Amino acid sequence: MAEVRLEGVHKLFGSVVAVEDFNLSIGSSEFVVFVGPSGCGKSTTLRMLAGLEDVTSGSISIDGRAVNNVHPKDRDIAMVFQNYALYPHLNVFDNISFGLRAKRLPKDEIAKRTNEAAEILGLGDLLKRRPGELSGGQKQRVAMGRAIVRKPKVFLFDEPLSNLDAKLRHKMRAEMKILHQRVQTTTVYVTHDQVEAMTLADRIVIMNEGHIEQVGTPDEVYKHPASQFVASFIGSPAMNFATGRIEASGKTMSLRTDSGTSLDLAGCGVAEGTMVQLGFRPEHMELADTAKPARGHVSIAGSITVVEPMGHETVLTCDAGFGEIVGKYEGERRFQPGETVKFHIRADRLHYFDLKTGLRI
Amino acid sequence: MTDFWNRLTIGQKLAITAWLFLAIPLVFYITIRFYPTFEAFYVSTLKWNLLGAKKAIGFKNYIKIFADEDFWLVLWNTIKYALVGVPVSMLIAFVIAYWLNEIHFGHDMIRAMYFIPFLTTAVAMAWVWRWFYQPLPIGYFNIMLSWMGIPQQPFLKSVTQALYAIMAPAVWAGLGFQIVIFIAGIRAIPRSYFEAAEIDGAGRWQILREITLPALKPTMIFLTVVSTIGFLRIFDQVYTMSADSAGGPLNSTKPLVLMIYEFAFDEFKLGRASALTVILFMILLVVSLVQLWLMRKHK
Ligand SMILES: Nc1ncnc2c1ncn2[C@@H]1O[C@H](COP(=O)(O)OP(=O)(O)OP(=O)(O)O)[C@@H](O)[C@H]1O
Ligand SMILES: [Mg+2]
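Residue numbers (the working numbering), protein chains in the order written: chain A, 1 to 361; chain B, 1001 to 1299.
Think of the hints as simulated: they come from the structure by calculation, not from any bench.
From a predicted model like this one, the values you see are computed outputs, not experimental measurements.
Worth double-checking, as some hints may not be accurate.
Stated by the list, open to error - Over 10 Å on every C-beta distance to chain A, these chain B residues come out as not near it, computed from the model:
id	residue
1	Phe1004
2	Ile1032
3	Lys1054
4	Asp1068
5	Ile1096
6	Ala1124
7	Phe1132
8	Tyr1193
9	Val1286
Unchecked claim - Within a straight-line C-alpha distance of at most 25 Å, the following computed DSS-like cross-link-like pairs (lysine-lysine) qualify:
id	chain 1	residue 1	chain 2	residue 2
10	A	Lys128	B	Lys1080
11	A	Lys292	A	Lys251
12	A	Lys177	A	Lys153
13	A	Lys128	B	Lys1297
14	A	Lys128	A	Lys151
15	A	Lys151	A	Lys73
Said to hold, decoys possible - Examples of chain A residues lying across from chain B (beta carbon under 7 Å, computed):
id	residue
16	Ala50
17	Met79
18	Phe81
19	Ala85
20	Phe98
21	Gly99
22	Ala248
23	Ser249
All C-beta atoms, glycine included, are put in the ideal place defined by N, C-alpha and C.
Excised from the complex, chain A in its bound form (with noise of 0.2 Å):
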């Protein structure tokens, strides 16, 4: 169990601005996801945790000492990567000792441990087996035990479950908060997957080109996202968002959209002339009959596109004018495209962004 700081971190790669002003504390047994899409930066930043590439400027420290120059063996981490990595010509055994032998522990302490880690993760009767005999959830089952078999201070994980069907990669994530809970080992975990990343993480570390635009809680990043970009990332389906100007006659305010039509906002704290992106999500759109709202909600119309029945609940997209948006229906209702439909929402659930910097107001 270590804390681990990345203070002021760069890496460029020839002029590509890979990693771009990265600073973040990790508290001791804390589990942090870094999520964001393709390309953001979030394997390059943990292989700099990791030793496996050097860091252009800044710090990283773990355990309270500066890890900038300290060989990836030294730094006492383990990491477990996205294929896995497993050694084709090593059995299940030596696969989960291989760092127990570089460490040259006597025979029997490596027997131990590892039988211990394989009976931890369920691996007991395929100890004698290569991977390439494993199915897909055993060869991660194995990479998970290579790294916990070693008591690192500090788990570094690269999108470990991507490379499995979404059955299988739902009951691998409850196993892994199970074993996180069971070793409070300090883990840093990468995905783009933001379910994923909602359901694992103490605390979510939303990367864009680069940069982080939020750390926080899974409910704070999803209740008060920090940015449009935020806003977008986190949530399926997506945020809605109409783009325009917010505007003012007497008390009552409203947004004119890009397409000239005019949304009424009840009681908005957003100064009048600012331009801005309203956003509210699919699960607060509440389906009502009149088109006067209650009392503090927002009322918006629109008319139906495509019906995605789901069982429990009906996805609906609609054109509302000033652009398309999905709301979400759970009831038995049955609805025809070409319908007009209208949604209350909340006030306090109206995100505003401003449009140039994308940041929340």
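Chain B with the ligands: place on chain A using the hints.
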């Protein structure tokens, strides 16, 4: 015709197209390669001096060869070339490839330097080496020995040293090829294996033993067979470099191919030469079959 073609499945069309392309090399191989081989089997049962009449004598050529003391010496020489040359050249090639893979600066140039001997005529190189082996004041090796205060060596003139002196340029000439193949093999190992091993704290030796070498097994089987066959067929270097007579001194460097050459073109014993060719062919066949078997087992 088009009707016939259209009725075929995609798999059948593919097979026919592939066979059409393969037909040309196949015909070539059968006429240029296989036919002479079978002809050699036939000639090996004849007494024939190239000009006179052919006389069928059954297995007499083989019996004579096996009764000939020189044959056993020559066979042993040939095996020594392979037995020493293969492991030595593979070891040197692997060590060079291993370290060459670690450097980036000048990598291509150094690799090219090792590869050039492979492209050079064996005879020309052998002449240069022959010159290296000369006594003082000409031969480089003896000059170096005298600098170091070590007594002069006879090299090509010694019954015990000549074979190894001739083997050296053969090893050297093959290095480039082996290095390139080894580097390709090393490069084909996914980088993440090495990264994972590095993080796990493995040292150079553990990585080499548990990751690199096992992954290179197919490469090594391939190179072993190719260079074994190469050494078993050694000829140019011996013919060019050996002292006294070809294969000398005292036949101590003579390999099978040189013996075949002498039977055929010095003594015009075509039958005997063919029989010896058949024996060499059998040896090479066994080596190749062992490779096939090893490769298959490895999969
Ligand atoms: N070795 C390299 N040389 C040059 N550029 C690189 C190198 N590695 C990464 N990059 C660049 O750095 C940026 C960040 O890459 P990185 O692999 O960290 O992305 P990522 O967030 O892990 O993406 P993904 O989700 O696709 O794995 C990308 O623009 C990538 O092209
Ligand atoms: Mg990545």
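Closest CB-CB distance from Tyr1193(B) to chain A, is it above 10 Å? violated (5 Å)
Checking a non-interface call: every C-beta of chain A should be farther than 10 Å from the C-beta of Ile1096(B). Is that right? Fine: 24 Å to the nearest Cβ keeps Ile1096(B) off the interface.
Report holds if the minimum CB distance from Asp1068(B) to chain A is greater than 10 Å, and violated otherwise. Given a closest Cβ separation of 47 Å, the condition holds.
If you take the shortest Cβ to Cβ gap from Met79(A) to chain B, is it below 7 Å? It holds, given that the least Cβ distance between Met79(A) and chain B is near 5 Å, below 7 Å.
Evaluation of the interface hint that places Ser249(A) against chain B, nearest CB under 7 Å: violated (62 Å)
Keeping to a limit of 25 Å between CA atoms, is the pair of Lys128(A) and Lys1297(B) held or broken? holds (19 Å)
Regarding the pair Lys292(A) and Lys251(A), is the alpha-carbon distance no greater than 25 Å? holds (17 Å)
Does Phe98(A) meet its interface restraint, that is, does its C-beta lie within less than 7 Å of any C-beta in chain B? holds (5 Å)
Taking 7 Å as the limit, does the beta-carbon of Gly99(A) come near enough to a beta-carbon in chain B? Nearest chain B Cβ about 4 Å off; hint holds.
25 Å Cα cutoff - pair Lys128(A), Lys1080(B): Between Lys128(A) and Lys1080(B) the Cα gap is close to 41 Å, so the pair fails against 25 Å, i.e. violated.
Is the interface hint for Phe81(A) satisfied, with its Cβ closer than 7 Å to some Cβ of chain B? holds (5 Å)
Is it correct that the beta-carbon of Lys1054(B) has no partner in chain A closer than or equal to 10 Å? holds (56 Å)
When the structure is compared with the earlier hints, violations turn up for hints 8, 10, 22 and 23 and for no others.
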